[in-house]
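Undergrad: Here the protein sequences come in this chain order: A and B.
Numbering follows this note's numbering, with no gaps: position 68 of the first sequence is 69.
Numbering follows this note's numbering, with no gaps: position 163 of the second sequence is 1162.
Calculated directly from the structure, the hints in this document are not laboratory data.
Any given hint could be a false lead.
[Claimed, not checked] Derived DSS-like pairs: lysine-lysine, alpha-carbon spacing no greater than 30 Å straight-line:
hint: 1; chain 1: B; residue 1: 1312; chain 2: A; residue 2: 62
hint: 2; chain 1: A; residue 1: 87; chain 2: A; residue 2: 11
hint: 3; chain 1: A; residue 1: 87; chain 2: B; residue 2: 1006
hint: 4; chain 1: B; residue 1: 1252; chain 2: A; residue 2: 84
hint: 5; chain 1: B; residue 1: 1006; chain 2: A; residue 2: 84
For clarity, every value in this text was computed on a predicted model and none was experimentally measured.
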Amino acid sequence: MSYSGLANPKPKFGLDEEIIISKRGSRGHCRTPAYIRGKAGRIERYCGNFRNPEQLAENIKDADIIPLYRCIFNQHDIWDNYKGPKTDTLEIEIYEHWIERS
Amino acid sequence: MPHDSLKMGPHDVGGESSQTIDTHDHGMTYWEKFSNGLRMAVSSTGIIKLDELRLVAEGFGEAYFEMEYFQRNGLALVALCKKKSLFSEKEFQLELDNQKKNFKIPIIDLPNPKELVHLHDGVAHTHKGADFQEDEFGEGPPDFYFDMLATAAILKNKKIISQSDIQSRIEKFDSVFPFRGISVVTKAWVDADFRERLLRDAKSAIKDMGIDLESFADIICFAQSEETHHIVVCTLCSCYPRTLLGMPPSWYKSRSYRSRVVHEPRAVLEEFGVIIPASREVKVHDSNADMRYLILPQRPEGTNGWSEEALSKLISRDHLVGVGVPDNVI
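Chain A extracted, bound-state conformation:
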């Protein structure tokens, strides 16, 4: 697809790469929900580069430009007592500074 995001930097993670969402706290505004922090999944796609929403919320001038990915998780890897088939999944957008190599 064509990306409306900004040109640089180049994405660090590749398609299907196994990753973990950082399990750290945050202050202020952030787009990484608590339920997905610390969970293991894979990169579903790279979505282009966008300004860091945590900095945009604070009206910081020239907020950092960060690669954004869609990450895919097996539901049973997110929730201990997920009721449903093993094939059920969840996909969510995560900015690169919240993603770690597994």
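Dock chain B against the given chain A, drawing on the hints supplied.
TA: For chain B alone, coordinates are given in the frame of chain A:
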């Protein structure tokens, strides 16, 4: 359940247990439409960023869920305008008193809806009587509406926005945006090349239809199939492709939907009357950042040779979010 210490605030509800979802869309009152139009008009100036508004609303703490959606977002706008010194507290209070003193519930001379035919994205559209059931007839406005009126008056006076900036948004949300997604789906049902382009690059495919989404966000389209059922939620707020589908329904913004879809999507779907066989994957999309989603339902059986106009009558907004599927025609 997510680790409580990581919870960002009352808005970060994904994974919470919550009550049964009220699956009926309660629509919007005139006051809510005005608040929404004002907020969109101010955001479009670039003076105020969406993430700044979100941060202020999240900072309401326990009051976050005590307020209605439009009140919460409206009061966040007022607070941010003051913080950015677009107007002072004193200026605001003066204008607020003025608005309250001069307010009269508008008496609107309604047109005969049957005679009103106009174009939606180039297609003739007739209104039904129900379209005009605004609550100008009923209760007076909620208190926060005066805050909205005062904000609008000050910002208009300072030439930051105009009345038509607000009005044009109210009108588009009523009569343009809600019909766009449906027209995209019917085209995908009758035109295999378009369907392929839509699934590969929805933003360009939609643009080629002559629809300007006026939005920074990218659109990703997923097709429902025998293998996978897609469903969309925004657990952190109410991200939604508004210029493609119109305003999100009340349940989409509710705490119960936002909490539950991520951890019990099949139970939620059942509440909407949709049962997905265990052999079919349920895929939840948490629309939490810069992408927006359109779900392409399967074309109902028994519709071979149907025109796009006839097909459009089978589609509801719920199908395009994934909480409903169109019925087959027998």
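Undergrad: For a quick check of understanding: which of the numbered hints are violated here, in increasing order?
TA: 1, 2
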